[in-house]
Amino acid sequence: MSLESPVLDIDPLIDDPKTRIVVCCGSGGVGKTTTAAALGVRAAERGRKAVVLTIDPARRLAQSMGLTELDNTPRKVAGIDESAGGELHAMMLDMKRTFDEVVLQHTDQERARAILDNPFYQSLSAGFAGTQEYMAMEKLGQLRALDAWDLIIVDTPPSRSALDFLDAPKRLGSFLDGRFIRLLMAPAKVGGRAGVKFLNVGMSMMTGTLSKVMGAHLLRDVQTFVAAMDSMFGGFRSRADATYKLLQANGTAFLVVAAPERDALREASYFVERLAAEDMPLAGLVLNRVHGSGAAQLTAERALAAAEALDDLSEPEDPDYPDDADDADDPDTADAAGTADADPVAGNPSTPRLTGEFDESAENLQSVGIVDQPGGKAGLRTADGGEGTPSTDSADTSSPESPTGSPAFPAPAQEGDAGRSTNPDPLDADRLAAGMLRLHAERMQLVARERRTRDRFVSVHPDVPMVDVAALPGDVHDLEGLRAIGERLAQGQPTAA
Amino acid sequence: MTGKGGTGKTTVAAALALALAAEGRRTLLAEVEGRQGIAQLFETEALPYEERKIAVAPGGGEVHALAIDAEQALLDYLDMFYKLGRAGRALKKLGAIDFATTVAPGLRDVLLTGKVCEAVRRKDRAGWRSYDAVVLDAPPTGRITRFLNVNDEVAGLARFGPIHNQAQAVMRVMKSPETAVHLVTLLEEMPVQETMDGVEELRAAGLPTGAVIINMVRPVVMDGAAVASARDGQRTAIAKALSQAGLGGARRGGLAERLVDPLLAQAHEHAERVALERAQREELGSLGLPAYELELMGDGVDLGGLYRLAENLRKQGLGVA
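Line by line, the protein sequences are chains E and C. Numbering-wise, full-length UniProt numbering puts 182 at position 182 of the first sequence, and it's gapless, one number per residue. Numbering-wise, full-length UniProt numbering puts 106 at position 106 of the second sequence, and it's gapless, one number per residue.
In case anyone wonders, no lab produced these hints; they're calculated from the structure. As the structure is a prediction and not an experimental result, all values here were calculated from the model. C-beta: ideal position from N, C-alpha, C; glycine also. Please note that a few of the clues may not be correct.
Partial pick of chain C residues on the chain E-facing surface, computed with a CB cut under 10 Å [claimed, not checked]: (1) Q40; (2) G206; (3) L207; (4) G298.
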């Protein structure tokens, strides 16, 4: 039993002309960028004029969209099916350049120079953590203002908390309002306005302290920087506010991206709550890399038991055990006969092997009998120790398994019996089948685990629409792969609108 | 300890701290990203900005833990170096602390690395190092060089004065042979690529690279050749084997026969992954760094699993002092 949540319908979301911005957010490593790119491809091929703003795409994913360099302007993606009237552009964010552009745009040439040359600015813009968030939001605002696209899909930076980009505009706002910034600017202004000096003995004491802590020349650099920035603060602020409002607006949809893992879903959960608190419109949760199985009717437990049974069949061929098999000779011949009586299957495999490949030694015949016991390995090992033990051993180990094992055995075993003689390499097939069963058991355990994690999320957020995206074995690095992801996002619907 | 998001760097960092604490040693495990990942792993309440014992290692060692908070670290720093108790609080009121730790995030990294170095260099009254080893659960690979190197940048900005000296001191520790930056990765394309890039950046910055730790390694059950042989010409035999194992009839339409295709599909995916992993492992090998492998713990890592990982690291020789 698993919990159901409303289904997140991707196509109506990206088709709706009222949807102007889709923000993909979530913790690192959950396939955010791939999701954003896949949505872009799908939206474009369904007729939207879309642009994907990526922050830090994996190299090959970037190449798949023709993004070979950071040039901070959207480039048209080649290879998109434009028959529905749409197109796709993509760009990678260049933080420093975005920052520079903002500076140049908001102040006169001379001040801009002063800012751009300031060492404090240079290291700030070159990408101290956090700048990325401001600049991503800045770029989003710019793209939206250009109004050249009818759908903007944004990938958010791989933040420490995944939420930094939400805080960025506000933080900037509160910082600009802060008294500290005025304090920093005070000395720079004092030169011009002598009167201010008197008002602020306390403040100059504070700057004294700052100068002591930071070193006078660093303080001076910061002050010059802040003073030079002063002229553009107004612009900065209103832009930050505007971007924040834009995120709350009707045309925006947030997609929280996660993988069915504990940590990723915990972050997703936090994000969902945070978006609600900020009045940001959440469209739903994209759950990436969900595993399923085409053979879900076979449980992990049965698959493992069956694999063990098959191991037992192939064990004599295992190079690790030839001596054991040899030693086990006497006690186990009797034992094999005994088991054959108790379990109708046990005798069967040895027969075809007699007529098949294993003609060269009696050992094989006998050990085939031995390993038919469910506790075959243990039986063989104890056979080394002393006579008599194996039979009790095997009786012990086989009995608990017989309730599940035995009833299913007889009928198929007879079928197998008939087929064995024509089988080119039965042992190999046994091993392969055992391997496949083990993989299946592993898969089913993974499926169950993912299910539990997912259910936990759904219990807490039953109203959040969700779409599961099946896992791919490898990474995506071409448009074809992105289309495939897009199809999975749309629950298997082909691209055509 | 660094690694791409999702590779389990916090877990591996914790395991290494445990391994290094074995046989009566004392280690500090520090985190800087405010995520309280350590507390979750060790199943304790959230860590304050205070070093506290969090686990006992086999043989009587101790792991202490610390969640470093930039704001606290700044106040600490101001207090320690300038006796600015009161003025520090005034700065906080003014928004200066907020400025320093968030709006100018570079300073945040300076404070975080500064605190780590303080713990590394700290000595007790008898003159012994307080900790035998400090393990830092650092920011992800994409940011690690900038994070560790931030003091170099700051030392360049503040060309003299107290900040300059402090930054220089931190860089001396970071670049000394006492430091090693370990990189956690999975055998997947993106984490491996990030590891390759990360190592290149670290080397370019003159920061000492340690080992590559391949986390969540899954056993190879079948390779491509095996799957191909299963697929081509052995379907019937496999159906029979499944049937033999008690999973229903092998005839066309029988229960066992119907399992063959989905099982083969899963085996094929597995083999594809095995091949990918092989290529990734080879690529990592070209780095010329020592590599360690930790097996996947299916149900996630609980406290017991953490100790097993630590033991595993020790067996492989990492975390043995």
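Here is how each hint holds up against the structure:
{"no.": "1", "hint": "Q40", "in the structure": "holds (9 Å)"}
{"no.": "2", "hint": "G206", "in the structure": "violated (18 Å)"}
{"no.": "3", "hint": "L207", "in the structure": "violated (17 Å)"}
{"no.": "4", "hint": "G298", "in the structure": "holds (6 Å)"}
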